[in-house]
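From just these sequences and the hints, can you work out the full model?
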Amino acid sequence: MKNAFLLVTFFAFTLNGLGQTTGTMKKISDSICECLSKKDLNSIKTAEEANTVFMNCFLNNVNLLMDLAQERNVDFSDQVAMRNLGLDIGKELVKENCTSFIQLSMKMAGDEKSSEIAGGATGVTGGKLLRVDNKDFRYFIISDANNRENSFIWLHYFSGSEKFIENAGKYVGKQLKINWKETEVFLPTAKGYFKIKEITGIDAN
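For the sequence shown, position 8 (counting from the first letter as 1) is numbered 32 according to the numbering used here, and the numbering increases by one without interruption.
Hints are computed from structural coordinates only; laboratory data are not their basis.
Do not rely on the hints blindly, as some may be mistaken.
Said to hold, decoys possible - In silico DSSO-like links for lysine-lysine, alpha-carbon gap of 27 Å or less:
1) K51 to K62
2) K198 to K159
3) K152 to K63
4) K119 to K63
5) K201 to K152
6) K119 to K69
7) K62 to K187
8) K62 to K219
9) K63 to K50
10) K198 to K187
11) K152 to K119
12) K51 to K219
13) K187 to K63
14) K50 to K119
Okay, structure coming up:
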């Protein structure tokens, strides 16, 4: 399930017959909307940033997404079906008048070209470590200078990674500089491909 399908949801404004909302659909749309409403959308300038914000909220609901797919007899390995499911979630967010999602969709649709060009980018992001999530992989979530949450995934060895193996949680609240590269990976729990920022180095002050 590639990130590109998320842009399609922008056009849900023009679609009729949204259908009946199931309990699971309502839960996942409410959760995503609540997550997005906590973000500073005015500070988002590019499609890449908008897509990252959405995917962070989207991935927080993988379990609900799997439940919804099961309800609709959708196989996670079916990319077309999953894009359609993502479109339905976008329709529901519009139906519920989720203002934060509507604003984010405009940013994603309005700067699609720059998002494609940004593929494979590298960079350094500094900020306070908010938490360390251990899911399918280990994620470091930091708050940057604009108070935006940024998620970085630990996939491969990087210099100095040993000190984060046993007790990465002790760095919560401290300032980190994370070197990253953008890459596309397969997430086993979601059974799909996602573009994420992989950690290539961490400088802990």
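Now the hints, each set against the structure:
Restraint check for K51 and K62: satisfied, since their Cα atoms lie roughly 17 Å apart, inside the 27 Å limit. Distance restraint check for K198 and K159: the Cα-Cα separation of roughly 22 Å lies within the 27 Å cut-off, and the hinted pair is therefore satisfied. Restraint check for K152 and K63: satisfied, since their Cα atoms lie roughly 16 Å apart, inside the 27 Å limit. For the given pair, K119 sits about 20 Å from K63 by alpha-carbon distance, which is consistent with the 27 Å threshold.
The straight-line distance between the Cα atoms of K201 and K152 is roughly 9 Å, inside the 27 Å bound, and the hint therefore holds. With a CA separation close to 25 Å, the supplied pair K119 and K69 stays within the 27 Å bound. With a C-alpha separation of about 32 Å, the suggested pairing of K62 with K187 is violated against the 27 Å cut-off. As the CA atoms of K62 and K219 are separated by approximately 22 Å, the hinted pair is consistent with the 27 Å bound.
About 20 Å separates the Cα atoms of K63 and K50, which keeps this hinted pair within 27 Å; it holds. Distance restraint check for K198 and K187: the Cα-Cα separation of roughly 15 Å lies within the 27 Å cut-off, and the hinted pair is therefore satisfied. This hinted pair does not check out: K152 and K119 have alpha carbons roughly 36 Å apart, beyond 27 Å. Taking the CA atoms of K51 and K219, the gap is about 25 Å. The hint holds against a cut of 27 Å.
For the given pair, K187 sits about 31 Å from K63 by alpha-carbon distance, which is inconsistent with the 27 Å threshold. Using a Cα cut-off of 27 Å, the hinted pair K50 and K119 holds, with the two alpha carbons roughly 11 Å apart.
Checked against the numbered hints listed earlier, the structure breaks hints 7, 11, 13; every other hint is satisfied.
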